[in-house]
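> Chains X and W, in that order, are what the protein sequence lines are.
The working numbering puts the first residue of the first sequence at 1, with every later residue one more than the last.
The working numbering puts the first residue of the second sequence at 1, with every later residue one more than the last.
Worth flagging that the hints you see were computed from the coordinates, not collected in a lab.
Note that the Cβ used here is the ideal one computed from N, Cα and C, for glycine as well.
Please note that the accuracy of each hint is not assured.
Here are some, though not all, of the chain W residues that point toward chain X, as calculated from beta-carbon distances under 10 Å [what the hints assert, rightly or not]:
hint : residue
1    : SER378
2    : LEU385
3    : LEU465
Straight-line C-alpha distance at most 27 Å; calculated BS3-like pairs for lysine-lysine [as the list claims (entries may be wrong)]:
hint : chain 1 : residue 1 : chain 2 : residue 2
4    : X       : LYS150    : W       : LYS257
5    : X       : LYS85     : W       : LYS361
6    : X       : LYS244    : W       : LYS69
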Amino acid sequence: MGLALLAIIWLITFVSTYFFIAQTWWLPAGMSAAAPAIDRQFTNTFVSMGIVFVLAQCALGYVVWKYRDRGQASEKVDYSHGNLKLELVWTTLTAVLFIGLNLMGSTIWAAERFAPAESGAVPVEVTGMQFAWYFRYPGLDGKFGATNPKLIDPSSGNEAAIGLDTNDPASKDDVVTGTMYLPVNRQVDLTLRAIDVIHSFFVPSMRFKQDAVPGLAIHMHFTPTQVGDYEIACAELCGLGHYKMHGMLKVVSQEDFDKWLATREAEKQ
Amino acid sequence: MATTSHVHAHAAPQGFIRKYIFSLDHKVIGIQYFFLALTAVFVGMFLSLLMRVHMIWPTAVLPLVGEIKPETYLSLLTMHGTIMVFFVLTTAPQGGFGNYFLPIQIGAPDMAFPVLNMLSFWTTFVGFVVIIAAFFVTGGAPLHGWTGYAPLSALTNSGPGEQLGADLWITSIAIFCLASLMGALNFITTTLDLRAKGMTLMRMPLTVWSWFITAILGLLAFGVLLSAGILLLLDRNLGTSFYVPLVVVNGQVMGHKGGSPLLWQHLFWFFGHPEVYIAILPGMGVASQLLSTFSRKPIFGYKAMVYAMMSIGFLGFMVWGHHMFMSGMSPYSAFAFSLMTMCIGVPSAIKTFNWLGTIYKGRVRFHTPMLFAIGFVSLFVSGGLSGPFLAQPVLDIPLHDTAFVVAHFHLIMGVAAIFGIFAATYYWVPKMFGRMMNETWGKVHFFITLIGTYCIFMPMHYLGLAAQPRRYSQFTELAYLQHLLPLNRFITYMAMVTIAGQFIFLVNLFWSIFRGPKASDNPWEATTLEWTTATPPPHDNFGGHTPVVNNGPYEYSVPGAPRDYIMQNDPGMGTAAH
Ligand code: HEM
Ligand SMILES: [Cu+2]
Ligand SMILES: [Cu+2]
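Sequences and hints are given; from them, build the entire structure.
So, in structure tokens, the structure goes:
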């Protein structure tokens, strides 16, 4: 029985560790400025936790086999109530490991979330609703026009869906789309909003996630570093269509972005 | 402090109803809680099976159940989570085994307040009936998940199930909170006031410590959830705006203004994080108890174990924000919550170390309860080590609300706690029903469950890394999830096997209760007081006398002693005159 336990615990440990190390299923490649630091912190945590995992499971398997009851042949049981010195060593080691990891991670968090977006970032407002994402660009005046909850009409899509108030001069040149366009290597200054329930704006390749909460306008920023198409998901349960509330982020060159925005502006006239 | 002059509060009851239905005897009430949780766990498991089936065959039409629609999936999800957390993990370890064995292990004839005890069971029972009723009302069960985030849960038109079903869901939880508050008071008073002579706090078995600390957590946490739930009911039915700002649902402006969705999250998680410890602490107690007993060796670092549980309980009230790193809460507070969360990892690590230290240089007997205790340690390690990932706000950016979280909490709170319950069942059924459970089938059950649950929940880490969001009813819409389908299929097949394996347990349990070989008074050669009395124990637990305690709870393999264990009420070890 001891041997069976040892074999199974070790097998579980090695098989699960293998798939982690082989990265058979893994994070989608990171395509934003923050991704390398986040991924490095992930790797550090993964390596330290992985070592503890393998050691602890192997030790468990080993001691239950080694100290199994073998009748007369068993070694004498060590009558001991513990060992204070060992416990202090162990406690200090874990405390140092856990708190050290935490402090390393916290510096990255601070860099990402404490500072506001830099000047010159592309302003985009993201609005979540059951079950779609809409993206608003302020146009040439650089100002988002007013919206009015009474004007919200989801079935008409885009401008009407977020309740854009067309009487406000600032809203005349606002562009609202269902696909997000961003120029590569420029920071985007996001304003996240939701009009009905909580949604969460999740772009795995950008290493970006943030809830959009009704009643709040949450400011966040990130910088895409690779041209390409990236899927956007919703990561907060928002109702029956949660699983299909997705969108697309198209990261393009600055020229293509300008061209696209100009076309959309022209369509509005 | 301890008292010897306690007079047993009520006489042995006559008649079936007073004896088995509205009983005041903590042992009968414990068994009632146990069977309620057993019913609940099979319901919850069945719901998870339907969920896993829908995930990989979204259009399948199932016999009896029919077609599962996305909204049905979310109802199953909500009910699965709620039933498992409240009616299984809070009910079986504490209400069930705690009720039955806490008084006996401290040498008391009953709980401090037997009537309150009966009331708290029947209140829990009503709560269970109310939540099951949510399935059968128009609109069905709510779809807002077990966490019930507002405004989704606060608006009656945010989705199917959010009408009467959601009201029943909240009502059921409120009823459950009341029951748990009554239970918590009873546990705390009993532990403080009814200990037998010589049962000092530092001679209490670690199981008693774990039930005691769990009760304190319950007392502080359930009150908050109760209040939060009442506010939610008001928002839904009386048009108040505690949790709801101005919102527009489907083009319709709702009448709310100025409420805060984050307020619900703060209140819910202020309860919710301690709740996960309420679920797991009794498991830790049982694991400690069994590892020592079946290794024939004193527990390693008894005091450290007690202080670790205390600090887990204390710190547990200061980390709730780690569920909210992505919620829009201030990034500065994320800093503090993250640090506190890492600190709570330290006492958890101490416990693991001490469990290994207990087995080390012992003499391990592989009875089924011991296997589940060993499995508990393994699962606790596996589930615990994903905690430091989720405790870091930066890593929550990729991991929050993905399958990685589902893997984490299932391993540590779900399956580890369930292993604690199984261990306790195999260990104490002989005392409760006077008959041994079948060892061979117990071992088969153990291996199926250990391997099966690892096969279900370990791969969910990989899914989460690959950014598969949780609470998705199907994965048909996002292109980047398509390559995960084989892994999702594997998990569903493993869930089928594992769930089938649980029927081995069910049959073994009922067969043994009625047909199993008769159990002696102390079949495991253990030291604590429940093994000093008759099997099953008489109405007042010790047959008219109160035991006197002379020894600590884990005196195994004491050099020079005639047997390899000294029971707590044996003559004191200093004056060992056998
Ligand atoms: C046979 C074993 C089990 C299986 C196959 C299973 C499966 C699942 C699945 C598929 C989900 C949904 C994940 C998602 O869509 O995001 C889930 C959620 C959940 N499960 Fe389990 N589960 C099992 C046992 C348990 C146990 C023992 C517990 C006890 C704590 C538990 C507690 C939960 C909770 C709290 C949720 C979250 C519900 C929510 O998101 O609102 N499960 N489970
Ligand atoms: Cu959603
Ligand atoms: Cu928590």
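> Return the numbers of the hints above that this structure violates; sort them in rising order.
none
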